[in-house]
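Asks: In order, the protein sequence lines correspond to chains A and B. In terms of the working numbering, the first sequence is residues 1 to 370. In terms of the working numbering, the second sequence is residues 1 to 370.
Treat each hint with caution, since some may be false.
Said to hold, decoys possible - 30 angstroms max Cα-Cα, derived BS3-like pairs, lysine-lysine:
1. A:K168 / B:K168
2. A:K29 / B:K44
3. A:K168 / B:K44
4. B:K349 / B:K168
5. A:K170 / B:K170
6. B:K29 / B:K268
7. B:K268 / B:K44
8. A:K168 / B:K349
9. B:K168 / A:K44
10. A:K268 / A:K170
11. A:K44 / B:K170
12. A:K349 / A:K44
13. A:K268 / A:K29
14. A:K29 / B:K168
15. B:K44 / A:K170
16. A:K44 / A:K170
17. B:K44 / B:K29
18. A:K170 / B:K29
19. B:K349 / B:K268
20. B:K349 / A:K170
21. B:K44 / B:K349
22. A:K170 / B:K168
23. A:K349 / A:K170
24. A:K29 / A:K44
Honestly, the hints are just simulated from the structure, not real lab data. As the structure is a prediction and not an experimental result, all values here were calculated from the model.
There are 2 protein chains.
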Amino acid sequence: MTNQRVLPATGREQQVLDRIERARRRRPKLREERITMAHGAGGKATHTLIEAIFLDAFRNPLLEPLEDAARLPVQGGTGERATVALTTDSFVVSPLFFPGGNIGDLAVNGTVNDLAVAGATPMYLSAGFILEEGFPVADLTRIAGSMRDAAAAAGVAVVTGDTKVVEKGKADGCYINTAGVGALAAGVNLGVAQARPGDAILVSGPIGDHGVTIMLARGELDIEADVESDTAPLAELVAGLLGAVPGVRALRDATRGGVATILNEIAKAADVGVLVTEDAIPVRDEVRGAAELLGIDPLYVACEGRLVAVVDGGQAAQALAALRAHPLGAQAAIIGEVTAEPLGLVTIKTTFGGTRIVDLLVGDPLPRIC
Amino acid sequence: MTNQRVLPATGREQQVLDRIERARRRRPKLREERITMAHGAGGKATHTLIEAIFLDAFRNPLLEPLEDAARLPVQGGTGERATVALTTDSFVVSPLFFPGGNIGDLAVNGTVNDLAVAGATPMYLSAGFILEEGFPVADLTRIAGSMRDAAAAAGVAVVTGDTKVVEKGKADGCYINTAGVGALAAGVNLGVAQARPGDAILVSGPIGDHGVTIMLARGELDIEADVESDTAPLAELVAGLLGAVPGVRALRDATRGGVATILNEIAKAADVGVLVTEDAIPVRDEVRGAAELLGIDPLYVACEGRLVAVVDGGQAAQALAALRAHPLGAQAAIIGEVTAEPLGLVTIKTTFGGTRIVDLLVGDPLPRIC
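Turn these sequences into a full structure, and let the hints steer you where they fit.
Replies: Below, the structure is given as structure tokens:
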């Protein structure tokens, strides 16, 4: 047993540890005394919360890159070793059922996608349920069935679980946490910090479908639109891309905070600029219209089956072809590029010929989207 | 990427698959139309829910043994391979802070212990937070600090996480899910199904401290007692036991449903009888007194730092010595034995000389204990 320990820091990890210490000194302070909805929105407040509270408490070189999944060496007692990816997400989407899916397939696809964009092959999921007293068993059965189907479609197995029940009024029907384990091949090392000037940025399809679907399903807007969630497992799409394009630097699924948040994470993690062209970004008309009524830019609206890819600029056409070869990437597009400046900023060339800065989302215009 | 898949069923897994099919036919139906608190209590209703809904949806040979952690083969692209253990638990304890700990160290220790009793070396944790709007940041900071300390004490790293926020009234301050990954040495294969007549049953210390502490912390009983949660990481204790005693068949940490539930799981999984002696079971006087006022048998009260061990009968003294050699096992005791009959039943020799059946807990006398 005793030789199965967390391995000592490698040279690369030590570099990360050094970066941690430097980052600690410039880390934002949390000004609020109480948690607000914005802390869960995936934008600026969420980043501040994570950096001020969680990174400070848990700091270690495996957590610090803040990628969608952590890369973990595992060493068995008999010389066996492998590298696994681990990720987790809790799902509190409201309503639980919506056009195109429900909290169950969302919980499976979300975690499968976090593994896939880390370059890992999704293999195993855990499922933790927090149920509200009085929740209909028929709804739970339907949710579990959707999880089963989504797991089968993604080629993963739900291998362990947990169920808790809280009193009526202490939850909102059903919350689900999934954690996922994937296998990482040696040499795969994707990360937004690896973006460099000249790289191309692609999205795998129209953005914002999921977020707009959820907002419309709540019935708060008195409009109907023919739109449904894009929730889908991205592992096959990613495998095709990685197989065809050696120069993939980073992949991210564009969930809370949407594509704009991913672009900001690229700019900040790699100390580069990001320049995108509004007209190049695929958005369905229904989504654009609903987003306008909601007063939000589709760039900030969550997808649950779309990824952002950063690839070597010379391989952009190759990457586009690889994405389009898969049904989930049929409407993929090259939307912009990585630039040397302005450092840490995302700029968009608007349809009207101007440019503006695309910052991290402030506040939470789209609560409980996943 | 394509060769990193879930491995095909081995002969042993095929046997499990066959057992699944047989078990499916005699699986209980869920009679209730709505979730009740009892479905989260770890007793009879929880077992029925899991078997009727989740096993039915997710059935696969890795999940079906229903041990505290799943054993998972992982194969990398370059011939690397290892076996990892995966487990998950959500924590909804109320109150969040109590004598001896809080939801943070509970969430770390609970998952560390599920890995440890599977014979795995705990290595990595994920942490998923569901926060209620308005939750004090100071409380979250304190909880994260306790998680950090507990992780350090257990030798694990929190490597990935997620934060969601729900509206005021839609949660109860803070819920935490942790999932854990551990390394499994080849040949380690513990499980309650392996108990056989003649085996000895031990507990690692006084039972019920955690559950009674939580009930008293709620202030619903107007008594004070000098008792605190036993929350603690059991990995070292387990490593000592496994190193000293080759004939360990199964280990379980006695959380929801207490020792009585574990004994029933042994009896049912191995198709054996279990006979324990009431006088041999260590219970603190304060816990016994409070449990009496609560109207509950301490055998059903949760611990968060105690394990039940099933070992070869001929190695019982050796196992007792190994447990007592560790501070967390100083008050370990041999409490009973595995018998050939009555099949599937747990019997207790009472202090007064009689015997009675110890069944699974019905209802939920101790809600939200973890």
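Asks: Could you run down the list of hints and mark each one as holding or not?
Replies: Right, here's what the structure says about each hint:
Among the hinted pairs, K168 (chain A) with K168 (chain B) is consistent with the structure: their alpha-carbon atoms are about 14 angstroms apart, no more than 30 angstroms. With a C-alpha separation of about 47 angstroms, the suggested pair K29 (chain A) and K44 (chain B) falls outside the 30 angstroms cut-off, and the hint is violated. Taking the CA atoms of K168 (chain A) and K44 (chain B), the gap is about 21 angstroms. The hint holds against a cut of 30 angstroms. The suggested pairing of K349 (chain B) with K168 (chain B) is violated, with an alpha-carbon distance near 50 angstroms, which exceeds 30 angstroms.
Note on K170 (chain A) and K170 (chain B): the hinted pairing holds, with a Cα-Cα distance of about 6 angstroms set against a maximum of 30 angstroms. Between K29 (chain B) and K268 (chain B) the alpha-carbon distance is near 18 angstroms, which keeps this suggested pair within the 30 angstroms criterion. At most 30 angstroms may separate the alpha-carbon atoms for a hinted pair to count; K268 (chain B) and K44 (chain B) meet this at roughly 12 angstroms. A threshold of 30 angstroms between alpha carbons decides the hint, and for K168 (chain A) with K349 (chain B) the separation of about 39 angstroms lies outside it, so the pair is violated.
The suggested pairing of K168 (chain B) with K44 (chain A) holds, with an alpha-carbon distance near 21 angstroms, which does not exceed 30 angstroms. Only pairs whose Cα atoms come within 30 angstroms are accepted, and K268 (chain A) paired with K170 (chain A) is rejected, the gap being roughly 38 angstroms. Proposed proximity of K44 (chain A) and K170 (chain B) is supported: the alpha carbons are some 23 angstroms apart, at most 30 angstroms. For the given pair, K349 (chain A) sits about 22 angstroms from K44 (chain A) by alpha-carbon distance, which is consistent with the 30 angstroms threshold.
Note on K268 (chain A) and K29 (chain A): the hinted pairing holds, with a Cα-Cα distance of about 18 angstroms set against a maximum of 30 angstroms. Under the criterion of a C-alpha separation no larger than 30 angstroms, the hint pairing K29 (chain A) with K168 (chain B) is consistent with the structure, at around 24 angstroms. Under the criterion of a C-alpha separation no larger than 30 angstroms, the hint pairing K44 (chain B) with K170 (chain A) is consistent with the structure, at around 23 angstroms. Distance hint between K44 (chain A) and K170 (chain A) is fulfilled; the C-alpha atoms sit about 28 angstroms from each other, no more than 30 angstroms.
Distance hint between K44 (chain B) and K29 (chain B) is fulfilled; the C-alpha atoms sit about 12 angstroms from each other, no more than 30 angstroms. Of the pairs offered as hints, the one joining K170 (chain A) and K29 (chain B) holds, with about 27 angstroms between alpha carbons and a cut-off of 30 angstroms not exceeded. Distance check on the hinted pair: K349 (chain B) and K268 (chain B) sit about 19 angstroms apart at the alpha-carbon level, within 30 angstroms; holds. Between K349 (chain B) and K170 (chain A), the direct Cα distance comes to roughly 41 angstroms. Violation of the 30 angstroms bound is thereby established for this hinted pair.
Only pairs whose Cα atoms come within 30 angstroms are accepted, and K44 (chain B) paired with K349 (chain B) is accepted, the gap being roughly 22 angstroms. For the suggested pair K170 (chain A) and K168 (chain B), the alpha carbons sit about 10 angstroms apart, so the restraint of at most 30 angstroms is met. As the CA atoms of K349 (chain A) and K170 (chain A) are separated by approximately 46 angstroms, the hinted pair breaks the 30 angstroms bound. Among the hinted pairs, K29 (chain A) with K44 (chain A) is consistent with the structure: their alpha-carbon atoms are about 12 angstroms apart, no more than 30 angstroms.
Checked against the numbered hints above, the structure breaks hints 2, 4, 8, 10, 20 and 23 and satisfies the rest.
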